[in-house]
Amino acid sequence: MTARTTPVPYASPADEERDGWPQWLLSTDHKRIGLLTIGTALILFFFNGGIALTMRAQLAQPGQDILSPQSYLQFMTMHGTGMIAVTITPLALGLGVYLVPLQIGAPRIAAPRATLLGYWLYVAGAIMLIWGFLTPEGASTGWWGYTPLSNSIYTQGPGQSLWAAGFFLAGAGMVLQGGTTLWTILRLRAPGVTLMRIPVFAWAQLVTCLMVFAAFPALLAAMVLVSVGRIDPHLFTSNAWNIGYENLFWFYGHPVVYVMFFPFVGCVAEALATFSGRRFFGYQGTVLSLLAFAAGSMAVWGHHLFASGQEINDYFSLTSILLTIPAGVEYFGFLGTLFGGRLRYTTSMLFALAFIPQFLVGGLTGILVGNPTIDYHVNNSYFVLGHFHYTLMAGSVFGFFAGFYLWFPKATGLMLRERLGRLHFVLMVIGVNIAFIPFFILGYDGMPRWMATYPAGAGFTTLSLISSIGAGIIGLSMMIFAYNLWISARLKVPAPADPWQGQTLEWVTSSPPPRYNFDLAHPVPRVRSYAPLLDLRENARKSG
Amino acid sequence: MSPVERRLSAAAVVAIWGIFNAALIAILIGFTAVRSGPGLDIVLYAASAALVFAVAVAVWLTRRRDHQPLARGLRLSSRPAAALLLAVGVALIWLGLPFGAWLPMVAVVPLVAALVMEIAARRSSSRLSIPNRTSTPQPQPRESRPTSKRSW
Amino acid sequence: MPFQSAFHQLFTQDATIAAAVFLLVVMAMIGAFLLSRRRRKRGQDPSRRDKADRLETGYVLALAGIVGFLVYSSFAANAREFPDPHAPLRVQVTGYQWCWRFHYQGQPVTVDAQCNGGPLPTLVLPAGRPVELDVTSVDVVHAFWVPDLRFKMNAYPGHVNSFTLTLTHPGRWIGRCAQLCGLYHYGMDFYVQAVSPAAFDRFLRSHGGTGTS
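Protein chains in written order, with our numbering: chain A, 19 to 562; chain B, 22 to 173; chain C, 215 to 427.
Don't read these hints as lab results, they were simulated from the structure. The structure displayed is predicted, hence computed values, not measured ones. Cβ coordinates follow ideal geometry from the N, Cα and C atoms, glycine included. Any given hint might turn out to be false.
Not close to chain B: a few residues of chain A, all C-beta gaps over 10 Å, as computed [claimed, not checked]:
| no. | residue |
| --- | --- |
| 1 | ALA75 |
| 2 | TRP138 |
| 3 | GLY160 |
| 4 | PRO251 |
| 5 | ASN265 |
| 6 | MET497 |
| 7 | TYR501 |
| 8 | PRO517 |
Among chain C residues calculated to face chain A with C-beta under 10 Å, some are [unchecked claim]:
| no. | residue |
| --- | --- |
| 9 | VAL239 |
| 10 | ARG254 |
| 11 | ARG263 |
| 12 | VAL281 |
| 13 | LEU284 |
| 14 | ASN292 |
| 15 | PRO361 |
| 16 | PHE365 |
| 17 | PRO371 |
| 18 | PHE377 |
| 19 | HIS399 |
| 20 | TYR400 |
| 21 | TYR405 |
| 22 | LEU418 |
| 23 | GLY422 |
| 24 | GLY423 |
Between the sequences and the hints, there should be enough to build the whole structure, so can you do that?
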């Protein structure tokens with residue numbers, strides 16, 4: 019049985035993009051745009067992580083002066099906005115820009131220049147956020163930017179305005195990248211690749227991009243509102259504007275955490291399937307639950323407003339707790355894939371496996387704070403910080419690394435050092451758990467968020483110190499990761515097209531893929547399911 | 022293909038997602054029945070759902086009957102620098118907020134340059150031709166061969 | 215005290231369920247590791263099975279049942295927290311950058327202080343009697359949080375959030391601001407103190423009020 023080729027552009031040598039920075043920075047190749055996005059976001063991950071380490075140094079003991087109150091607020095605002103707007107969200111969407119066309123057998127992304135524009139708007143946004151951070155008396159309202167605190171009466175100077183500009187531009191850039199990725203999945207699939215045959219990662223990207231479209235416009239409107247408040251602050255003396263801003267902001271602010279979650283669920287799913295040696299379990303249920311989960315996450319934003327006294331708490335409690343069902347179906351898929359698999363413990367797999375219980379801690383504590391009665395106590399305390407650092411750092415970031423170690427060989431044509439990867443993994447597991455378990459206890463015991471320091475007799479000292487030590491271990495693990503990247507780039511161990519016995523279409527093509535993804539030497543094969551390469555291997559074994 | 026596969030079109034997926042959201046909005050309306058008039062939360066959520074349905078309609082309108090998405094050919098994107106200039110222009114406009122209104126005026130330069138580039142790009146787009154899928158692919162002469170001096 | 219008891223009952227229940235779920239998942243993972251090791255030792259291929267529809271449906275129904283129970287618990291607990299908001303004694307709680315002011319309605323009694331390294335203001339209340347607190351702000355958004363009482367309420371400019379508090383026994387509890395409000399947000403602490411009704415009466419009189427008679 020010959021593999022049926024799909025029409026692919028015959029790539030001539032003249033079409034190969036030359037290397038050199040102008041060609042990279044103005045590329046319309048989705049792979050380069052994706053790598054630019056992910057690369058920029060990784061640099062910012064180190065930057066925002068350094069900021070977090072400084073904050074944790076300040077908080078390791080009470081009454082310290084490493085950061086003045088003003089500096090602390092600026093650091094804290096940069097850390098939150100930086101991680102959400104210009105680090106994790108671009109990592110999530112950048113992965114989609116890179117992988118989605120490959121996984122669906124497409125030669126390109128839809129609207130490549132719009133995708134490129136998205137990258138540059140993101141970069142402009144990141145520059146403005148950092149600029150605002152560096153301004154004395156800069157952006158200092160936390161990543162929420164609540165009015166009237168963020169208007170020009172209470173926060174003076176250009177820094178907060180730069181923050182609003184940067185947040186807007188980065189958000190707009192992500193809308194463009196989400197939009198083109200969505201259009202690619204919907205319209206550019208190779209023949210035979212129906213929607214029920216795209217990989218789990220592609221489905222995760224699909225629902226992510228739907229949420230981007232549905233929720234990010236609210237962010238853009240919120241930043242316009244902040245801008246108005248910086249020009250005419252007297253608008254915000256009316257409570258309607260203030261609670262209106264909170265609704266508008268959280269209408270974006272909740273779905274964005276799922277934008278920072280689903281793509282990494284996709285990474286974990288691909289890693290689990292690949293390194294269990296079987297196709298992902300319960301695909302149809304997973305697809306349905308992804309759609310339901312994404313819709314549900316649009317409907318919970320009011321749980322950030324339980325203590326506002328101006329929200330329908332019961333509705334948002336219902337929708338928040340309801341998310342248990344689709345989340346449970348995701349876990350059914352994870353565990354079902356593992357059971358009956360023959361596991362290979364590569365670095366990618368280790369990160370994927372750790373994601374499962376670690377994200378669960380975040381998810382379960384999320385259900386807890388989805389109860390207003392519980393939230394009236396722990397809202398805006400370290401308990402909530404613990405909840406979302408578990409979902410985002412111990413969850414999503416682990417999912418990201420599962421994907422990174424999985425697809426790095428494909429994207430670069432180089433293999434990473436396995437031993438260093440395992441060391442990175444071990445240190446990171448130790449680090450995140452030591453750093454963030456104390457948060458739950460601190461919050462329960464009454465420590466609020468946004469504290470530049472705390473009183474010595476309050477009972478927060480020991481746990482804060484332990485948490486800071488954990489943060490240091492995370493920093494160490496990231497140094498190991500950086501070293502792995504550097505040494506692997508020097509050693510240049512070449513990666514084959516399919517180093518892992520992959521199941522999806524990106525493993526058909528070369529490492530790195532050619533300009534238009536598939537060519538005569540690597541055509542798109544017949545696609546019969548969401549694990550086409552697994553099908554081909556199983557059929558070959560049957561017939562040979 | 023299974024029945025699910027046959028019926029699940031791209032527009033249907035987006036519409037289904039819109040319907041999930043509409044159901045959640047309906048529950049919200051139920052919870053707010055005692056309130057007079059739609060609050061901001063309903064207006065906000067309903068507007069978002071309307072946007073989703075608009076996307077579903079756009080997807081449906083652009084459906085193809087021939088299932089040959091690649092046969093229309095690939096346009097070799099030229100003038101990608103227009104994207105960078107547009108980003109610079111938009112950034113300059115926003116810089117007017119912290120630094121004063123003269124910056125948005127400067128933004129006119131890159132914005133106009135981007136517009137000019139975009140118009141030029143649409144006039145002279147080169148096409149990559151696709152080999153016939155049933156026969157051995159052969160390189161075919163392109164309508165306008167991309168020059169080595171690719172313009173920005 | 216209704217906030218405390220509602221919180222503790224619900225937290226204990228839900229945290230226990232959460233812990234049980236976590237343990238189940240971890241045990242399932244360990245089971246999967248052991249099965250995989252056995253498969254490897256026996257030289258078996260991974261299973262080809264890719265779904266279990268009946269099991270999954272049953273599982274989803276079970277999840278829905280648990281969710282229903284949790285939602286019901288949430289609604290019930292929330293309802294217990296807000297008895298009739300009208301109480302004869304009312305105190306206006308005003309947050310401002312960066313301390314708190316307590317004004318006893320119907321009395322010319324106001325308590326204020328410096329915070330941030332200086333003395334903290336104390337909200338003195340009678341034990342055993344329901345008190346309505348009207349929480350507001352004169353500048354940015356703050357939040358009135360008494361951790362030991364397991365309750366907080368946001369303070370908005372141009373808006374009043376009211377809730378009823380009944381402190382069943384005398385005591386003193388630290389309070390903190392729980393909404394970022396600027397530079398000295400971290401120092402905006404206060405105390406809530408419950409005293410006997412007689413002592414409360416004396417407190418009002420000593421601050422220029424007419425007592426509770």
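Here's how the hints hold up against the structure:
no., hint, in the structure
1, ALA75, "30 Å, holds"
2, TRP138, "3 Å, violated"
3, GLY160, "19 Å, holds"
4, PRO251, "13 Å, holds"
5, ASN265, "5 Å, violated"
6, MET497, "33 Å, holds"
7, TYR501, "33 Å, holds"
8, PRO517, "28 Å, holds"
9, VAL239, "6 Å, holds"
10, ARG254, "6 Å, holds"
11, ARG263, "6 Å, holds"
12, VAL281, "5 Å, holds"
13, LEU284, "5 Å, holds"
14, ASN292, "5 Å, holds"
15, PRO361, "3 Å, holds"
16, PHE365, "5 Å, holds"
17, PRO371, "7 Å, holds"
18, PHE377, "8 Å, holds"
19, HIS399, "6 Å, holds"
20, TYR400, "4 Å, holds"
21, TYR405, "13 Å, violated"
22, LEU418, "27 Å, violated"
23, GLY422, "31 Å, violated"
24, GLY423, "28 Å, violated"
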